[in-house]
Amino acid sequence: MSREKTHVIPPAERAEPDLSSGKYLVMWQGPQHPGITGNMSLKLVAEGDTVVDCETHVGYLHRGFEKLMEDRLWMQNFPLVCRIAVPEPDFNEYCYAAALEELAGVEIPDKAVWLRTLSLEMIRLASFLMWIGGQAGAFGHGTIAQWSVTMRDYVLDLFEELSGGRIYHMYIIPGGVRSDVPKDFFKHVLETMTIIRKNLDDIELVMFHNVVFKMRAQGLGWIPREWVDEYGITGPNARAAGADRDLRKDPGYLAYPRLDFKSITGTRSDAYGRAEVRLAEMYQSIDLIRQIVDRMPKDGPFREKLPNPLYWKIPAGETYVSAECTRGEYGFYVVSDGSDKPRRVTVRGPSYTHAISLMERLARGVNIADVAGLMVSLHTYPPEIER
Amino acid sequence: MNELAKALAGRYGAGAWHDQRRDLSSVVVDASKIRDALRWLRDEAGYRHLSFATAVDNIERNAFTLTYALRNHETSHALIVHCDVDRENPAVDSIHRLWGQAWTYQREMKEWFGIDFPGSPRVDEEFVLEGWEGPPMMRRDFNARAYSDETYAERPGRATKDPATHMKERLYPEAAE
Amino acid sequence: MFVKKLKPAPLANEGLRPEERELFCDAAPTSYKGATKIVEDFYNWARAQSLWILGFGTGCGAIELRPLMTSRFDMYRYGIQARPTPRQSSVFVIGGYASVKTLKRIVRSYEQMMGPKFVVALGSCTINGGMYWDSYNTIKRIDQYIPVDVYIAGCMPRPEALLAGFQELKRIIRAGGAEGQNEYAINFDWYKANQKKVIKNWDMPDYSW
Numbered sequence: 001m002s003r004e005k006t007h008v009i010p011p012a013e014r015a016e017p018d019l020s021s022g023k024y025l026v027m028w029q030g031p032q033h034p035g036i037t038g039n040m041s042l043k044l045v046a047e048g049d050t051v052v053d054c055e056t057h058v059g060y061l062h063r064g065f066e067k068l069m070e071d072r073l074w075m076q077n078f079p080l081v082c083r084i085a086v087p088e089p090d091f092n093e094y095c096y097a098a099a100l101e102e103l104a105g106v107e108i109p110d111k112a113v114w115l116r117t118l119s120l121e122m123i124r125l126a127s128f129l130m131w132i133g134g135q136a137g138a139f140g141h142g143t144i145a146q147w148s149v150t151m152r153d154y155v156l157d158l159f160e161e162l163s164g165g166r167i168y169h170m171y172i173i174p175g176g177v178r179s180d181v182p183k184d185f186f187k188h189v190l191e192t193m194t195i196i197r198k199n200l201d202d203i204e205l206v207m208f209h210n211v212v213f214k215m216r217a218q219g220l221g222w223i224p225r226e227w228v229d230e231y232g233i234t235g236p237n238a239r240a241a242g243a244d245r246d247l248r249k250d251p252g253y254l255a256y257p258r259l260d261f262k263s264i265t266g267t268r269s270d271a272y273g274r275a276e277v278r279l280a281e282m283y284q285s286i287d288l289i290r291q292i293v294d295r296m297p298k299d300g301p302f303r304e305k306l307p308n309p310l311y312w313k314i315p316a317g318e319t320y321v322s323a324e325c326t327r328g329e330y331g332f333y334v335v336s337d338g339s340d341k342p343r344r345v346t347v348r349g350p351s352y353t354h355a356i357s358l359m360e361r362l363a364r365g366v367n368i369a370d371v372a373g374l375m376v377s378l379h380t381y382p383p384e385i386e387r
Numbered sequence: 001m002n003e004l005a006k007a008l009a010g011r012y013g014a015g016a017w018h019d020q021r022r023d024l025s026s027v028v029v030d031a032s033k034i035r036d037a038l039r040w041l042r043d044e045a046g047y048r049h050l051s052f053a054t055a056v057d058n059i060e061r062n063a064f065t066l067t068y069a070l071r072n073h074e075t076s077h078a079l080i081v082h083c084d085v086d087r088e089n090p091a092v093d094s095i096h097r098l099w100g101q102a103w104t105y106q107r108e109m110k111e112w113f114g115i116d117f118p119g120s121p122r123v124d125e126e127f128v129l130e131g132w133e134g135p136p137m138m139r140r141d142f143n144a145r146a147y148s149d150e151t152y153a154e155r156p157g158r159a160t161k162d163p164a165t166h167m168k169e170r171l172y173p174e175a176a177e
Numbered sequence: 001m002f003v004k005k006l007k008p009a010p011l012a013n014e015g016l017r018p019e020e021r022e023l024f025c026d027a028a029p030t031s032y033k034g035a036t037k038i039v040e041d042f043y044n045w046a047r048a049q050s051l052w053i054l055g056f057g058t059g060c061g062a063i064e065l066r067p068l069m070t071s072r073f074d075m076y077r078y079g080i081q082a083r084p085t086p087r088q089s090s091v092f093v094i095g096g097y098a099s100v101k102t103l104k105r106i107v108r109s110y111e112q113m114m115g116p117k118f119v120v121a122l123g124s125c126t127i128n129g130g131m132y133w134d135s136y137n138t139i140k141r142i143d144q145y146i147p148v149d150v151y152i153a154g155c156m157p158r159p160e161a162l163l164a165g166f167q168e169l170k171r172i173i174r175a176g177g178a179e180g181q182n183e184y185a186i187n188f189d190w191y192k193a194n195q196k197k198v199i200k201n202w203d204m205p206d207y208s209w
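If you're matching them up, the sequences are chains A, B and C in order.
For the first sequence, counting from 1, position 385 maps to 385 in the working numbering; every step adds exactly one.
For the second sequence, counting from 1, position 12 maps to 12 in the working numbering; every step adds exactly one.
For the third sequence, counting from 1, position 75 maps to 75 in the working numbering; every step adds exactly one.
No lab work stands behind these hints, which were simulated from the structure alone.
Please note: incorrect hints may appear among the correct ones.
[To be verified] List of simulated lysine to aspartate or glutamate pairs, EDC-like, C-alpha gap at most 20 Å: (1) A/Lys-313 to A/Glu-101; (2) B/Lys-6 to B/Asp-23; (3) A/Lys-313 to A/Glu-102; (4) A/Lys-111 to A/Asp-180; (5) C/Lys-200 to B/Glu-126; (6) C/Lys-196 to B/Glu-130; (7) B/Lys-110 to A/Glu-66; (8) C/Lys-192 to B/Glu-130; (9) C/Lys-200 to B/Glu-133; (10) A/Lys-341 to A/Glu-70; (11) A/Lys-341 to B/Asp-141; (12) A/Lys-262 to B/Glu-74; (13) B/Lys-110 to B/Glu-74.
Start from the sequences, fold in the hints, and give me the full structure.
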């Protein structure tokens with residue numbers, strides 16, 4: 001059982017089962033599989049019903065972003081970056097825009113800072129809503145997905161009103177944000193938050209007190225506290241294991257130092273505990289959105305004037321900008337050599353460690369039927385692994 | 001952070017300390033001392049979290065610059081450690097025993113740049129590419145567009161893909177005459 | 001819509017090890033010979049009303065398939081439901097770009113689907129490569145590798161656009177125009193040559209039926 005909190009096995013040393021003995025079955029979960037969080041696959045070696053070894057295979061979504069970005073102008077990259085982590089595009093836009101502004105020495109106006117924070121909190125909420133549908137669906141509870149994806153649609157409607165696009169907003173651009181807030185937007189935001197909050201109460205009642213969900217999720221994928229630094233785990237996975245780390249609190253960025261919230265840690269480090277932490281963070285997101293709407297300046301410029309994008313050269317230098325996305329530490333490392341195209345851009349996605357080294361370690365000893373639930377409880381999105 | 005810069009300079013000959021932001025600095029260490037420096041930073045200086053490890057191709061000076069990004073959660077400070085390695089025979093000490101996810105980054109650098117990490121587990125495995133026969137594709141002398149034009153069939157129709165020329169022709173057709 | 005009944009040569013299946021070749025299919029696909037017009041029209045009507053899609057989220061497009069399953073856009077009322085295995089599905093929705101590694105699985109899944117089968121291609125990446133047109137790992141025209149019946153443009157297409165695309169597919173099926181499966185069988189050698197040119201490590205049977 002994966003409940004053991006024993007000593008840490010040295011990394012990447014796996015049990016090598018004797019495949020010719022006839023006791024083991026090698027099977028692939030994915031890429032064409034309903035129980036996988038996107039287009040990736042797990043090669044499982046099972047003995048009876050229990051997984052003995054697991055190998056993660058990624059690369060089905062590799063488009064070569066980092067190479068593509070080196071061949072386009074700085075501003076031409078911004079429609080490209082949002083497609084790196086598909087369900088949560090605003091974090092890509094923010095990290096890229098913030099990195100460029102830092103290298104170029106551009107200060108953005110205050111209203112743009114608040115609008116960026118609002119955009120990030122809204123997409124956090126939308127991404128969590130998608131996740132909770134997947135987590136319940138992995139254990140067979142299909143109703144939650146119907147509710148939460150509909151709620152997510154309401155958030156996407158807000159984005160459509162604000163920026164024109166449902167999935168890819170391209171709203172946060174270097175210099176500020178792309179457009180101002182439409183009329184009655186804040187009224188719609190507050191109405192939608194009321195609806196979603198009421199639905200979250202229903203979800204909590206139906207899902208977290210359900211005996212089947214509790215039986216299957218408790219004890220699944222227990223992460224000991226020592227692994228958080230050993231494997232570089234971040235986000236709710238780390239906070240549920242007891243590590244109190246939230247990049248929005250320290251070091252803090254955008255308008256977060258001016259908002260009131262606490263970072264949420266959990267007591268249980270299994271799938272159930274992680275689900276509880278994420279549910280609490282959903283409530284926190286709604287609260288933060290209400291605070292932002294309340295406190296943000298209603299007038300002022302929303303964008304700083306930048307040089308002509310066709311001829312914009314950024315001074316040489318390098319920087320690493322990170323943000324707290326739903327899964328953990330999301331970062332962009334940008335290197336400029338003084339020309340009008342990036343020298344090197346790399347994306348640090350949290351799923352890189354969670355889906356490969358952590359998943360391979362946690363899947364040992366798990367029942368085959370629970371592998372999907374474990375995969376979803378780590379909340380991984382494959383596109384950011386292989387870019 | 002000056003004490004940290006001095007300690008690194010004294011123990012491992014590190015140089016070029018640069019403060020990028022209040023919570024981000026960078027330093028350059030020699031490639032032969034990189035593993036000891038990272039271990040010291042992890043155990044003694046509190047930089048216990050490895051954010052990522054990647055490389056930058058500096059083809060003009062014939063070197064790869066490796067980048068290791070560490071983070072100290074108590075002081076909320078991130079530190080980027082660089083080391084240069086020769087571009088002809090790139091090989092660096094593996095740090096897979098220091099962090100549990102380091103072998104994945106090293107596998108990626110081997111596939112994408114061709115940098116070898118002797119001893120790193122599963123470093124020769126295919127990571128994102130399958131059946132790739134070309135050179136390591138993130139090197140700057142690999143032309144992705146030429147490769148794509150030659151390998152993948154295109155849909156005919158558009159004469160130029162350059163947006164600036166295309167939009168100029170659309171918006172100002174009389175200027176073309 | 002029928003071919004002469006010549007027995008074609010068995011497929012070489014060179015990608016497989018010699019001891020495995022007998023385990024896999026060695027006959028190329030044949031095209032479907034339709035019945036009389038009135039019966040075929042009835043069959044086409046029935047096929048159009050029951051489009052079961054394969055649950056394979058190949059790319060970005062998968063994210064807009066999820067809202068379709070909820071009650072707001074509700075694809076179930078159109079007879080469309082998602083099935084987990086190719087053996088039970090009739091529509092393959094290619095959601096966006098296809099990297100070479102995914103293309104190999106797309107080909108395998110497509111060939112494993114039982115006829116009658118149709119392909120819907122979403123997004124501009126399937127049409128001309130989209131914004132990854134100069135990438136070394138994504139293909140530019142999916143219809144070089146598998147036959148496509150309907151294209152839905154967009155990046156991403158909205159759920160309403162997806163529903164409109166499915167309506168168009170139904171219209172085409174009922175008019176008797178969804179001949180992708182037969183095109184694949186008739187031009188099998190051309191498709192296979194294109195696939196093998198791009199997919200370098202071919203370790204599958206030549207026809208994964």
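The hints, checked one at a time:
no.: 1; hint: A/Lys-313 to A/Glu-101; result: 12 Å, holds
no.: 2; hint: B/Lys-6 to B/Asp-23; result: 18 Å, holds
no.: 3; hint: A/Lys-313 to A/Glu-102; result: 13 Å, holds
no.: 4; hint: A/Lys-111 to A/Asp-180; result: 9 Å, holds
no.: 5; hint: C/Lys-200 to B/Glu-126; result: 13 Å, holds
no.: 6; hint: C/Lys-196 to B/Glu-130; result: 13 Å, holds
no.: 7; hint: B/Lys-110 to A/Glu-66; result: 16 Å, holds
no.: 8; hint: C/Lys-192 to B/Glu-130; result: 18 Å, holds
no.: 9; hint: C/Lys-200 to B/Glu-133; result: 8 Å, holds
no.: 10; hint: A/Lys-341 to A/Glu-70; result: 6 Å, holds
no.: 11; hint: A/Lys-341 to B/Asp-141; result: 16 Å, holds
no.: 12; hint: A/Lys-262 to B/Glu-74; result: 17 Å, holds
no.: 13; hint: B/Lys-110 to B/Glu-74; result: 33 Å, violated
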